[in-house]
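Construct the entire structure; sequences and hints are all you get.
FYI, in our numbering the residues of the sequence shown are 45 to 279.
Rather than coming from a laboratory, the hints here were simulated on the basis of the structure. Wrong hints could be hidden among the right ones.
Computed spacing ranges between beta-carbons, pair by pair [to be verified]:
#1 Glu-154 to Gly-60: 43 to 49 Å
#2 Arg-218 to Asp-182: 31 to 37 Å
#3 Asp-246 to Gly-269: 27 to 33 Å
Quick caveat: nothing in here was measured; it's all calculated off a predicted structure. Quick reminder that beta carbons are idealized off the backbone N, C-alpha and C, glycines included.
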Amino acid sequence: SQTLVGAGIADCALHGLRPGAALIAGLVGGVGTSGIGIGAIERGGFILDGGHRFRRGEGSKSGYSPSSASVGVPPPPLLARYEFPPWDILIVIPQGEGASGNRERDLFEEACPVPAGDVEKMCRILLSQMLPAVLEADLQTFAAAMEAYQRYGFKVFEAETQGPLIAACAELLRSGGGRGVGMSSWGPTLYAFGDDLSPLRDSSERWLASNGGGEVILTKANNAGFRILRETGDA
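Right, dumping it as C-alpha cells:
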C-alpha cells in the first residue's frame, strides 16, 4: 500500500497537485483493512490503528476481508503514533510466497474472527509491554512483546501458510542475536531488532546464498514519513 500511495503522491506532485495521502489510498486501494500503511507513509514512527467497525452502507465494511478486497473503504482511525527508537532493524526476504487476490480473501474467511481470548492477550501485551517499551526505548521488553505477539491470533495462521524454509530463517535470526523476530503480514519477509545487527546481516546474506537466494536490508525506523525528492539532469 505504501508503494502504491507513494507513486500516487509523486505523480500528483509532478502535476502540481497535493491531495492527501488518505485520498490517494482510497483510490488505489490498500487501506480498507489496515491503516498502518497510510499512517507510515504520512508520519512514520510506531503506529496503532483502531480497525473498522462493521456497518452497512457505501464506504463501510460489513465483513472480514483484506485491504485488496475493500476498495472504497476509508482507512481506520489512528489511535496512537510514537517516535520509534533508533535500534537496528534487519529485514530478511527469503524466497517464498505471500498471499494476495483470491487466496488472501479465502485465508481471511478461514482465519477470522480471531478468538476473543487471543485478542484479550494481545491487547494486554500491547498496552502493558509493547507501547511502554517503545516510549522508554526498552529493547528487551519490546523484543519479548514482539515474540509473544507471534504466538496469538492472526499471526499464528499467517505463519502456518509458510514452509520450513521461513521457520529455519527465523531461527537463524534468533540464534544470531536478533531480538523480537517476526514475520511481516503473510510473509515471506522476516524482521529482527537489535543494537548492532551488522554481523547478523552478513551471516543472513551467506545463509540466503545457500538457501535459494533473497535480499537482506539493514535499516532503522523512519520517524518522518514520506519525502518528495526532485532531481534535475541534462536534457
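In ascending order, which of the hints set out earlier in this document are inconsistent with the structure?
Checked against the structure, the only hint that fails is number 2, while the rest are satisfied.
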